[in-house]
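Chains as they are written, first to last, in my numbering: chain Y, 1 to 457; chain E, 458 to 779.
Hint data in this document are derived by calculation from the structure and do not stem from the laboratory. Worth double-checking, as some hints may not be accurate.
Claimed, not checked - BS3-like mimics (lysine-lysine), calculated; alpha carbons at most 25 Å apart, straight line:
1. Y:K113 x E:K686
2. E:K573 x Y:K456
3. Y:K267 x E:K543
4. Y:K456 x E:K523
5. E:K573 x Y:K109
6. E:K641 x E:K668
7. Y:K61 x E:K686
8. Y:K61 x E:K649
9. Y:K113 x E:K622
10. E:K709 x Y:K109
11. Y:K267 x E:K517
12. E:K665 x Y:K48
13. Y:K109 x E:K540
14. E:K752 x Y:K342
15. Y:K61 x E:K517
16. E:K540 x Y:K342
17. Y:K62 x E:K648
18. E:K641 x Y:K48
19. Y:K48 x E:K649
20. E:K712 x Y:K113
Bear in mind the structure is a predicted one, so any value in this text is a computation, not a measurement.
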Amino acid sequence: MKKFLITVLLVFSLLLNIIHIASADEKKAQKKKAQKTQSSDKIEKMEKQIQDLQNQYLKMKKELEDLKKQKGKKPVPGEIPAPTTSPLPIASPSLQETPPAQDDEALLKQLQKEMGEEEEGEAAPRPTGRQTGNVFNPDISINADMVWRINHNKNIEGGSPFNLREVEIGFQGNIDPWSRFDAFIGLHKHGDHTEVHVEEAYTTFYRIPLGLQLKTGKFFTAFGKDNTMHQHDRPYVDKPLFVKNYLGHEGMGGTGMSASAMIPLGKVYGEAILETMNDENSSSFTGGKSGKVLYNGHVRLYSDLNDSSNIELGYSHLRGFNDKAATRLTQIQGIDLTYRWKPLRRGKYHSFLLRGEYLWSDRENPDRQVRTNGYYAFGQYQLNRNWYVGARYDYSEFPDLINTHENAISGMLTYYPTEFSYMRLQYKKTDRNFAYPITEWLFQMNFLLGPHGAHKF
Amino acid sequence: MIMRMKRNISMKSFNLFIALMFVLLFAITGITSAHAKIYVVTTTPDLADIAGNIGGDKVKVVSIAKGFQDPHFVEAKPSHMLKLRKADLYLVAGLDLEIGWSPVLERGARNPRIMKGASGYIDCSSGIRPVEVPSTRIDRSMGDVHPLGNPHYLTDPNNAIIVAKNIAKAFKKKDPANAGYYNKRLKAYVKKLIRAQIGWLKAMRPYKGLKVVTYHKNWSYLSKRFGLKVIGYVEPKPGIAPSPAHISKLIKAMKAHNVKILIRAPYFESKIPDMICRQTGARQVVLPLMPGAVKGADNYIDMFNIIISRLTNAARAVGAGR
Numbered sequence: 001m002k003k004f005l006i007t008v009l010l011v012f013s014l015l016l017n018i019i020h021i022a023s024a025d026e027k028k029a030q031k032k033k034a035q036k037t038q039s040s041d042k043i044e045k046m047e048k049q050i051q052d053l054q055n056q057y058l059k060m061k062k063e064l065e066d067l068k069k070q071k072g073k074k075p076v077p078g079e080i081p082a083p084t085t086s087p088l089p090i091a092s093p094s095l096q097e098t099p100p101a102q103d104d105e106a107l108l109k110q111l112q113k114e115m116g117e118e119e120e121g122e123a124a125p126r127p128t129g130r131q132t133g134n135v136f137n138p139d140i141s142i143n144a145d146m147v148w149r150i151n152h153n154k155n156i157e158g159g160s161p162f163n164l165r166e167v168e169i170g171f172q173g174n175i176d177p178w179s180r181f182d183a184f185i186g187l188h189k190h191g192d193h194t195e196v197h198v199e200e201a202y203t204t205f206y207r208i209p210l211g212l213q214l215k216t217g218k219f220f221t222a223f224g225k226d227n228t229m230h231q232h233d234r235p236y237v238d239k240p241l242f243v244k245n246y247l248g249h250e251g252m253g254g255t256g257m258s259a260s261a262m263i264p265l266g267k268v269y270g271e272a273i274l275e276t277m278n279d280e281n282s283s284s285f286t287g288g289k290s291g292k293v294l295y296n297g298h299v300r301l302y303s304d305l306n307d308s309s310n311i312e313l314g315y316s317h318l319r320g321f322n323d324k325a326a327t328r329l330t331q332i333q334g335i336d337l338t339y340r341w342k343p344l345r346r347g348k349y350h351s352f353l354l355r356g357e358y359l360w361s362d363r364e365n366p367d368r369q370v371r372t373n374g375y376y377a378f379g380q381y382q383l384n385r386n387w388y389v390g391a392r393y394d395y396s397e398f399p400d401l402i403n404t405h406e407n408a409i410s411g412m413l414t415y416y417p418t419e420f421s422y423m424r425l426q427y428k429k430t431d432r433n434f435a436y437p438i439t440e441w442l443f444q445m446n447f448l449l450g451p452h453g454a455h456k457f
Numbered sequence: 458m459i460m461r462m463k464r465n466i467s468m469k470s471f472n473l474f475i476a477l478m479f480v481l482l483f484a485i486t487g488i489t490s491a492h493a494k495i496y497v498v499t500t501t502p503d504l505a506d507i508a509g510n511i512g513g514d515k516v517k518v519v520s521i522a523k524g525f526q527d528p529h530f531v532e533a534k535p536s537h538m539l540k541l542r543k544a545d546l547y548l549v550a551g552l553d554l555e556i557g558w559s560p561v562l563e564r565g566a567r568n569p570r571i572m573k574g575a576s577g578y579i580d581c582s583s584g585i586r587p588v589e590v591p592s593t594r595i596d597r598s599m600g601d602v603h604p605l606g607n608p609h610y611l612t613d614p615n616n617a618i619i620v621a622k623n624i625a626k627a628f629k630k631k632d633p634a635n636a637g638y639y640n641k642r643l644k645a646y647v648k649k650l651i652r653a654q655i656g657w658l659k660a661m662r663p664y665k666g667l668k669v670v671t672y673h674k675n676w677s678y679l680s681k682r683f684g685l686k687v688i689g690y691v692e693p694k695p696g697i698a699p700s701p702a703h704i705s706k707l708i709k710a711m712k713a714h715n716v717k718i719l720i721r722a723p724y725f726e727s728k729i730p731d732m733i734c735r736q737t738g739a740r741q742v743v744l745p746l747m748p749g750a751v752k753g754a755d756n757y758i759d760m761f762n763i764i765i766s767r768l769t770n771a772a773r774a775v776g777a778g779r
């Protein structure tokens with residue numbers, strides 16, 4: 001608990017620092033503003049010039065019209081003659097109110113012709129870029145995730161330095177007007193063979209009354225924030241310790257059903273999710289031996305603080321049996337809090353994210369109740385268009401053990417050449433009260449091939 | 458015994474939690490406020506301005522993106538979903554401009570009226586002649602290329618007329634009782650756009666063939682309409698951050714072609730353009746890409762007034778023109 005407090009303090013001081021930096025930026029911006037007042041004078045001048053131009057143009061137009069009146073209905077060269085049948089108000093008191101529109105269009109065409117580089121032809125049919133037979137294929141994407149372990153402590157279990165951690169193939173698309181299908185197949189190396197693993201494969205029904213959405217199939221449990229992320233979306237190389245210890249090395253997921261509802265509370269966005277799924281998890285539950293299902297509930301509230309920053313709070317409650325006979329319950333609860341800052345004007349170049357998740361587990365064992373917990377705090381700052389720097393502190397106990405815990409401190413630097421690839425270096429030091437500490441340097445490379453998918457928020 | 462009690466308590470709290478969630482679920486999701494006006498949500502502020510001009514007081518228009526934002530990279534925030542949830546019509550620019558964020562909002566809004574394929578989903582690019590449509594097979598080695606062509610088509614004021622007509626059509630379909638009202642407003646607005654464009658074309662006439670460099674491919678339509686010659690881009694490829702090698706090449710090209718104008722949308726950084734301008738003696742012109750992007754550009758026509766005045770002033774200052 002003490003450590004938790006320390007982390008919170010650390011995180012707050014980090015936040016203060018960031019705010020300080022931001023305010024310094026503002027000061028700079030103010031200075032610039034002072035310079036800009038001069039240029040706003042210039043703008044005013046320009047606006048005046050435009051107005052003068054417009055007035056000039058209107059005058060010319062009136063003259064032209066007067067000329068026309070004198071010459072009768074002789075067409076002016078370069079202009080399409082007005083159809084004689086149209087009742088054109090010739091003697092208009094105000095030019096702006098009732099101008100002969102036909103003349104405007106003709107003049108516009110003439111000017112456009114003069115300025116344009118070439119004569120425009122017919123609108124070309126838009127190429128689809130695909131053969132017609134492929135049009136209804138789903139969006140296919142491939143993600144390769146590689147992790148190079150630069151050095152590792154000889155005290156711990158080995159593991160090769162070069163690791164193609166995962167190749168994930170995604171298939172996504174609409175099935176019909178009512179539903180959509182998302183599947184992610186992961187290929188992992190396990191020892192000397194490769195395992196094919198259905199990470200997620202679910203159908204979502206979007207058009208259900210009351211704005212409900214139903215999901216059926218296999219999916220990640222909506223427990224907190226980190227657990228629902230695909231590996232390549234994580235802003236760090238590894239998973240936070242408590243996710244591994246309580247929710248599993250692959251994260252928690254299962255086959256089942258999920259219903260979600262949007263709860264609009266004025267300017268606050270709320271969402272409630274209820275899920276039930278097979279007991280496929282063996283970290284906190286029985287891994288299918290109980291033959292029962294797990295229940296999970298998740299509520300989240302999101303609010304914009306202003307245009308640039310927002311805050312999100314979530315609560316999750318997961319419940320299932322931890323023994324074959326299905327008599328003893330495990331309940332895991334979690335709170336997650338996220339703060340995001342991304343200035344709209346300079347959002348391409350700077351952003352900041354602060355996230356904390358806290359989890360506590362109540363496990364009924366034959367002899368007693370085991371209460372354990374874990375948490376992490378993570379912050380990330382975007383330095384410029386391509387570079388991100390981040391840090392994370394982890395603390396985790398274990399679901400079935402008392403007085404056993406580990407904690408880790410990590411720092412990472414990420415380079416995104418484009419949004420389709422990144423490289424990340426992470427330092428991680430793990431201290432454990434039951435074994436030797438581990439110091440790791442990890443280098444991750446991630447490549448995404450495929451269509452431009454929309455970014456989840 | 459104690460354990461059993463504890464378990465009962467925790468069971469109770471979980472059941473309470475579930476019950477509460479159900480109550481929230483059914484009590485609140487059903488409520489949708491009835492509004493007399495057509496509630497229109499647009500992805501970008503230029504569409505919002507045009508829609509407001511046609512809809513008048515029969516519509517309420519809200520834009521998701523702000524004018525000074527990069528329209529490619531808007532975050533799919535849940536607060537945007539709240540806006541979209543109540544929408545009767547959703548106007549998108551199309552040509553994949555919003556592909557990085559709009560699909561998430563469309564699904565998250567849970568509003569069947571505006572989902573793709575529904576009558577409330579209006580792609581405003583219908584009838585636009587896109588430029589830079591790839592004629593060969595494309596892939597990402599060419600940067601963030603748009604398979605359907607350049608999506609910044611509203612930098613040609615002539616396309617605003619097409620968009621205005623598309624929007625009026627959507628309004629008339631949604632609200633046939635007021636078709637006459639929309640028709641009248643469309644006519645008046647198109648007339649205004651035509652007159653304004655005549656003024657802009659005349660103002661730019663002396664500078665036909667003006668050579669420019671732009672940061673991103675934001676200004677292809679503008680260049681085509683107003684006779685600008687784009688010699689190069691600060692980005693080596695669309696969506697790719699500038700590299701030193703590319704910049705030095707660009708500077709050489711600018712010197713060789715005697716390019717004295719560099720155009721940048723306000724959401725791009727100014728450090729590299731500043732450096733390029735220092736080395737080439739070019740002037741940097743910040744042009745609003747959408748209404749609200751710079752001060753004074755509150756609507757589409759005012760925005761274009763600023764575009765043309767800044768361009769002509771810069772051109773005059775560098776001694777271009779006949």
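Against the structure, the hints come out as follows:
1. Only pairs whose Cα atoms come within 25 Å are accepted, and Y:K113 paired with E:K686 is accepted, the gap being roughly 16 Å.
2. Of the pairs offered as hints, the one joining E:K573 and Y:K456 holds, with about 18 Å between alpha carbons and a cut-off of 25 Å not exceeded.
3. Of the supplied pair hints, the one linking Y:K267 and E:K543 holds, its CA atoms being roughly 13 Å apart against a limit of 25 Å.
4. Between Y:K456 and E:K523, the direct Cα distance comes to roughly 20 Å. Compliance with the 25 Å bound is thereby established for this hinted pair.
5. This hinted pair does not check out: E:K573 and Y:K109 have alpha carbons roughly 36 Å apart, beyond 25 Å.
6. Straight-line distance between C-alpha atoms of E:K641 and E:K668 comes to about 40 Å, which puts the hinted pair past the 25 Å bound.
7. Distance restraint check for Y:K61 and E:K686: the Cα-Cα separation of roughly 30 Å exceeds the 25 Å cut-off, and the hinted pair is therefore not satisfied.
8. Under the criterion of a C-alpha separation no larger than 25 Å, the hint pairing Y:K61 with E:K649 is consistent with the structure, at around 15 Å.
9. In summary, the hint linking Y:K113 to E:K622 is supported, as the alpha carbons are separated by about 22 Å, within the 25 Å threshold.
10. Only pairs whose Cα atoms come within 25 Å are accepted, and E:K709 paired with Y:K109 is rejected, the gap being roughly 37 Å.
11. Pair hint Y:K267 plus E:K517 holds up; C-alpha atoms about 18 Å apart against a cutoff of 25 Å.
12. With a CA separation close to 23 Å, the supplied pair E:K665 and Y:K48 stays within the 25 Å bound.
13. Between Y:K109 and E:K540 the alpha-carbon distance is near 40 Å, which puts this suggested pair outside the 25 Å criterion.
14. Taken as a hint, the E:K752 and Y:K342 pair is honoured in the structure, with Cα atoms around 21 Å apart against an allowance of 25 Å.
15. Restraint check: the Cα-Cα separation between Y:K61 and E:K517 comes to about 37 Å, which exceeds 25 Å; the hinted pair is violated.
16. At roughly 20 Å between alpha-carbon atoms, E:K540 and Y:K342 fall within 25 Å of each other, so this suggested pair holds.
17. This hinted pair checks out: Y:K62 and E:K648 have alpha carbons roughly 17 Å apart, not beyond 25 Å.
18. With a C-alpha separation of about 30 Å, the suggested pairing of E:K641 with Y:K48 is violated against the 25 Å cut-off.
19. For a cut-off of 25 Å, the pair hint linking Y:K48 to E:K649 stands: about 19 Å separates their Cα positions.
20. Taken as a hint, the E:K712 and Y:K113 pair is broken in the structure, with Cα atoms around 30 Å apart against an allowance of 25 Å.
The structure does not agree with the numbered hints 5, 6, 7, 10, 13, 15, 18 and 20 stated previously, though it agrees with the rest.
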